[in-house]
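The lines below spell out each chain.
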Amino acid sequence: MFAFTYHRPSSVRRAAALVASAEDGKLLAGGQTLLPTLKLRLAAPGDLVDLGAVPDLSGISLAGRTLTIGAMTRHAEVAASPVVRAALPALADLAAVIGDPQVRNRGTLGGSVANNDPSADYPAACLGLGATIITNQRRIEADDFFLGLFETALEPGEIITRIAFPAVKKAAYVKFRHPASRFAMVGVFAAKRTSDIRVAVTGASQNGVFRWQEAEQALRRRFAGKTLDGMSPPADDMVSDIHGSGEYRAHLVGVIARRAVEAAADA
Amino acid sequence: MTVTRIGEAVRRKEDHRFITGKGQYTDDIFRPRQAHAYFLRSPHAHARIRSIDTAEALAMPGVVAILTGKELAEDKLGDLICGWMIHDIHGQPMKMGSHPALAKEKVRYVGDHVAVVIAEQLDQAKDAAAAIAVDYDVLPAVAELAGATDSATLVHDEIPGNLAFEWHLGDAAATERAFAEARHVTTLEIVNNRLIPNAMEPRAAIGEYDSGNDAYTLWTTSQNPHVARLVLSAFVGIAPEHKLRVIAPDVGGGFGSKIFIYAEETVCAWASKRVGRPVKWTGDRSEAFLSDAHGRDHITTAELAMDERGKILGLRVKTRANMGAYLSTFASSIPTYLYAPLLSGQYDIPAIHAAVEAVYTTTAPVDAYRGAGRPEATFVIERLMEVAARELGVDPADFRKRNFVRKFPHQTPVIMAYDTGDYRASLDKAMKIADVKGFGRRRRHSARQGKLRGLGYSCYIEACGIAPSQAVGSLGAGVGLWESAEVRVNPTGNVEILTGSHSHGQGHETTFAQLVSDRLGIPIEQVTVVHGDTDKVQFGMGTYGSRSGAVGMSAIVKALDKVEAKAKKIASHLLEASVADIEFRDGQFTVAGTDRSIDFASVALNAYVAHKFPTSEIEPGLKEGAFYDPVNFTFPAGTHICEVEIDPETGKTTIASWTAVDDFGVVINPMIVEGQVHGGIAQGVGQALMEAASYDRDGQLVTGSFMDYAMPRAEDLPSFQMGFTQTRCPSNPLGIKGCGEAGAIAAPPAVINAITDALGTEAVPMPATPSTVWEVMRAFGPAARAAE
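Chains A and B are the protein sequences, given in the same order.
Read in the working numbering, the first sequence has 47 at position 47, and its numbers run on one by one without any break.
Heads up, the working numbering is the position in the second sequence plus 267, with the first residue counted as 1.
Quick caveat, the hints were computed from the structure, so don't treat them as lab data.
Quick reminder that beta carbons are idealized off the backbone N, C-alpha and C, glycines included.
Don't take each hint at face value.
[To be verified] Pair by pair, the computed Cβ-Cβ distance ranges are:
#: 1; chain 1: B; residue 1: 969; chain 2: A; residue 2: 6; range: 48 to 58 Å
#: 2; chain 1: B; residue 1: 298; chain 2: A; residue 2: 155; range: 23 to 33 Å
#: 3; chain 1: A; residue 1: 6; chain 2: B; residue 2: 341; range: 37 to 47 Å
#: 4; chain 1: B; residue 1: 716; chain 2: A; residue 2: 155; range: 26 to 36 Å
#: 5; chain 1: B; residue 1: 340; chain 2: A; residue 2: 155; range: 53 to 63 Å
#: 6; chain 1: B; residue 1: 716; chain 2: A; residue 2: 136; range: 45 to 55 Å
Okay, chain B solo, but in the shape it has when bound (with noise of 0.2 Å):
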């Protein structure tokens, strides 16, 4: 039995759970008497609800109960709500459309929801379903982003001109002035695709009232199942937050896309009262694809002005965010908080201004979704950089040297002040995996084989680890952003930990376990890492933001610290020496200077058997909590180097090599971090490649399955070459700056910027499959490369 350290690549702990079948997620979670939801969903766009006749359905055979908007205002339930307050630049809030968790008087995107259904069975709350009669006064949909602004149809009618807000940060006038003086200004028209997040496992709950203690039980996919049941109680108003139980178990991936607290869970809880049994409710794909919160969707006009030296000199970005039908549980914050304080990218940028539009559309809310207003900020700073490099006829490596942050602490002109970095060291040690020297060679071997090969930089920032109460506070967040933990000694020495952070692919079993065998000296095995389940953990603020190391884990050492003082204290006793005198290393307390020691799992059956310390002074037991707000944002940095091969025959871009080094602060367990940045590389590559949630006019979503949506796989994805460089987080105690999103924040612009060298045009957009590259090298000419 050994110790596992920090630092070290163990195996995960979870995986023999979920490697073997044995994974409990909610779709397996079977409670006495359960009956089924179906949603009837909304097929038009944009439509009246002239009426809902239920009567033919009711009487169909299995048939619980059908509920309605009409059923909901009866129970005077709460709208969903978005948590983060925006003020516009009139200094008005936000403009928040009625969100109900079943339509009242519209509907407002395909899939909206009209009605649940109540069944024995599923089939046969799906046949109900299809015999409810429902008279829509179809309206026009407002399915563009781009002209909704203008559309005389209001998504919401007392909200005018489609716009939720119009916020700005940055000065101003400062930038005008750096325009003013600029020797270049670079421009570009970006879009940002939008995206479908497609976790493996659909969402999912199950309801359950117990009217013996009139308290609900919620099981649901969720990413914060503390945040779920306050937003149930305090706004939804479903019950007082003693009295709801929210249970998040194994959760199949989330991606952003189960923070969220959607309609389906809000009705499952809500409705298990009406019809006195557990409601239960599983998503088919068909129904991810409508209704879970998409990603991204914006439309950027971005500038550069630079000096006669090439040094940036401002950046202006206009941008106009979709924000879908209704705005989502953090929709807000995405765009804006999220979004305009990264621009600043890895670079000395003395003026700054963002303005951006935040517009309602009949279509799916749009939310966070792995890296959440982080990756479009990044696409639009490292699309310009590349951009103005080549414009200036600079090498884009040394034109991102010039002009990266190199001094620490660096307050930014939009908020930021990052604490910590090594911008070049990851530059020059991604350019030296990659072999950058050697480009030109393989360059011209790809174009013997008839093929254009490009390279590109993504030098990406983020800001992790969200974030100190105050400031987010200050800026809008409903909720404070710390994180809670408890460490619970058992007495025969082995350790439970219950924290707030919910693991959901994470690997949190292994590493939360890894720091305490580090820190205690006890094998990993002894270590169980209890979460997501609001009976059990005392509370916490979820996984979302990479913030479950940089955070969650802080908050473990907090109550780790207090477990080992306490059990100092007792060692003690046990060893007739003063508290002072008492040294802790590898799971054995020592009298310092001296043989004499006790190893941990003595100190704590002792702390429970209580008959050697004097229990007037140290209470019996050794179980501790802590809640940790951090000081600041964490800011993981780095550099990917993407190279892409391309047949100009048929426009298919082939990854040719990918090399991502990133300085992620300390890390606890490399195979683990290294996983995190490729399924972000991989999804990253997915925005940039292949995909793109599509509506046509009418608002219908064309691409509502796999047959039409592509993901990225395996095949289209080489093996990637890893480093890192450390620069230590100071403001957390393990030093900690995250990577759950580190690889889909750099990747689109990494690709695109190689694409575009290989094509020699910079109007890509994305996704770039096979049929845009093409139509770009008819529209652009024929790329001569090829025939050099």
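So here's chain A without its partners, still in its complex pose (with noise of 0.2 Å):
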């Protein structure tokens, strides 16, 4: 690890003013990404601001059909949550299969969501779920906000502060576990409300989570994984190394995209 300045503010308007100040700042939220990045010297950040101590960032509620969750929330916590449990169970699910125990206790969902790890979990569910991420500035939806690997929306000092999802009964996520780093190798949420299909991929693509949208296409005819039989989406666009080709894993789509329906059409 090299040498840092570290600051714990307790105010986010206070955390975006140092990351804004420093030369080459970079906000702590759990650091289930950013400390072995850091450990392995692969990242020599200036300033390491921890949101850790900052009131309010964590935080389960219901309104209405509206399930909001602080971006400082643990994995743990929601996978727990008996209102994410009641309100969106498919939430609670994703949740409970992030990483393992050490990772579900420390990470966040904010810190899951800014760093758009193209094999993440969470992102899969803004995008299924076409949740809102809400920042210190603005409000920005889910389809706007994931650009590519390790890429999103957000402005320099720009933080989220909290996700609102919309809850959604029929909804399941089914991930297939890469083999040794047990993160999604392929991870396909889906989603049915009565105005929107939504089937939202991570792991597989080059350029990170997105939406199957010839799946939603066909789904909206009829809702079931029967519908997806034989689908896959184009091998070109999907991940190709030594764990597997990018035949396998748009196939690996098909499947879990498939098995993700029959589960959210059941639910």
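Build the complex from these two chains, which are given one at a time in their own frames, with help from the hints.
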């Protein structure tokens, strides 16, 4: 680890100011990606601004059909929350299969979404549910938020404060784990609302999380796993490496999406 | 206070220490004024070093010294050695490339040691290492084993064709004849995938030089501290043996990877004199991936010849083994004498011929990893047996039974004389536990769920407890493979066992104490096992090859025999009887046929008080040492049966059930033995389903972290169904055969035999990851069985 200046502000405003004024500042929101990166000396931020002491960034609340989760809420809290379990069980299921117990007890929703790791689970939920990412500056629709590998619509100094999810019952997340990292090799979040059908895929694409629109269109005719039989996205867009070819991942997206839709339809 | 008997599943004495965090590992040791070492490693697989400029780095904060191959040469330090001499097919000695602890002219794999930076703090050492300017002339990599001997690039300039040696075993002409007479020949192309050991504790070392006594102490993560001292003294030339103390404190797993003498501990010991301070190095996980000796990595063509009744006539094997960039400490013995002599498996095979090429590549050195040659051999023969049975249309279990060795002793055509065993008993028992009869029903049940189910056998044998010193010497070993022990009875009757075996997870502190408790009739709590320190333990050859029980404990038995003999003499004086009339049982010395007796503790006290026996006849004290040299290898064997269920949509294999029936001879502590088998199976399943070290064409390690190198986890394994059969090993006093490697040896072919049974094709490489299985299914047509 290289030396850095550590800050622990008590307000979002102060945190934003610290990051803005730092030469190369980074927000610390659980640190389950950042800290290993620092330990391997793969990043050398001058300033680390820890959001752990900012009040009100953590917590879960349900208002009408909107479930709002604070950015610093730990995965384990989401997984164990009776509120989430009742209003949006698919999200609790997703949180329960992130990483391992250590990661779930330290990692946060906002940290995961802001990092936008192409194999992370939460981005699939945000995109699959049409969530709204709320920052210290504005509200960003999930469709506009995820821009590519580790890239988001966040501006410098912009901090996610909470995320609003529509409470959808007919939703499910199915994850096929990468054999080594246990991140999603393919993770599919499928959801059906009266107005909207969404199938969001993480882990597989070279461009990070994406909506599989061909599947969504097909599912509008009939929301059932069978509808996706034989379908898979173009293999050219998929990651191809020692762990699997693009063809394999494309095939897997079709299989896992079908299973996610089956689970969502049964929910 | 009760006696613990051999065969009792007592809990491990050492676990209190480990579980409460009181273990003392090398990294837990802090020496006064210690400085920290960090190794600058080669980023290239192959390069000539034009120059190393350390000026800027030396001026950085906290830097104590920077040392390179130049300083190593100044101090005339010898190379790291390979201690097993193989003579090739022409009778010439193997070609050993120079292996300096710090590179001199060339670097030969990514992770090779270029320089060591010693600084007040580790981060300062890392900062300075980044400021060292190395001018490399980058050379082409030799990363592919298959093409290495045809490469125009030489890993060692003086070794043509990158060939360390060509070697063979067995009777080529007799084998030719067997194939000429054969009615059926089964042929397989096999790749035994390269593995990275990944012990939980990374390697570490602290070197400390005492200028007052001109002596060194080296704390290091070693499975065999005495061997480390011998090599560092006699070959590397750090210090004479009596001026070098090697301590291997608590060690968190080895699996073979901590047998070897590596550059890092060599440099820490050497540098401690140069800088006049203790020098500490603890490897991180990334360094472990790059520079721990890897395992396996064979390419093999194997052929099995049979007559019309399915009786095996001959076996022909051609293997190319990857040695990596240098010959590591025991590397040359692994694909030769620890491999080819095991190719006969549990079978009566009249003619065997094995030809082996040992090849240099620009990759990390390859040496022993749990099983060491024997898993590779078992994979060859057990895959052949399964495939041959399928080709002949015979039940794989029946085919094995037809060819089992039934009479003992049995001399194979490849060195080994199997002493005892009952292979049929293990197979029958395993089939019963696994409910093989019910497999068809389970397969149909899986098919209804859209899954493919398969069953695979592995009837393995291994040669453990290595081994008679004269025998291994005749095969090229540079050392004898006996073991030593000392039994130190204290005046108050408690006992310290000093052993040359080293415990790094095997539970010796319990099993060795159990032996003493049983023998001397004292509670296990009154026995302490001392190991891992060359100043305390008289000598030892260390722990590997499942030898601690068969060889290490036998040495303890010999010392206990001497203790008992002397104690009887003392007791005869105390009881005023003839020594011939003294019986010793359950901790009591009794005059035969009387009720006159005295307990062990009283005899121990009297031995030291020495008031009641003539010291002109009997020396005071009660302490005896022994060296034990085995008369043969031991031959643990058994049958493992694996049942898998494959999801044809994703290619994911799930281990549905696992049955292990092992014959380890006499079992000291069944709980510990089962634990050893569990761990071994986990590693074997890891090799079969998940683990693969992968280098790209430039020789960069692609699987350099747990993000890409898949290790088995608890959720990947079922609960194991275990059973034992027992034939007592005749070659050691306890009848022990050894259990440490059995699981890792047995498991891979059991898994692959099950997967190929499920898929209906033999073309399944290891590791059979989901994507690999899916690709196999895609290439070899839709498996019809799911639709049945």
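Open item on the list: Run through the hints listed earlier and report the numbers of any the structure violates, in increasing order.
Closed with: 1, 2 and 4
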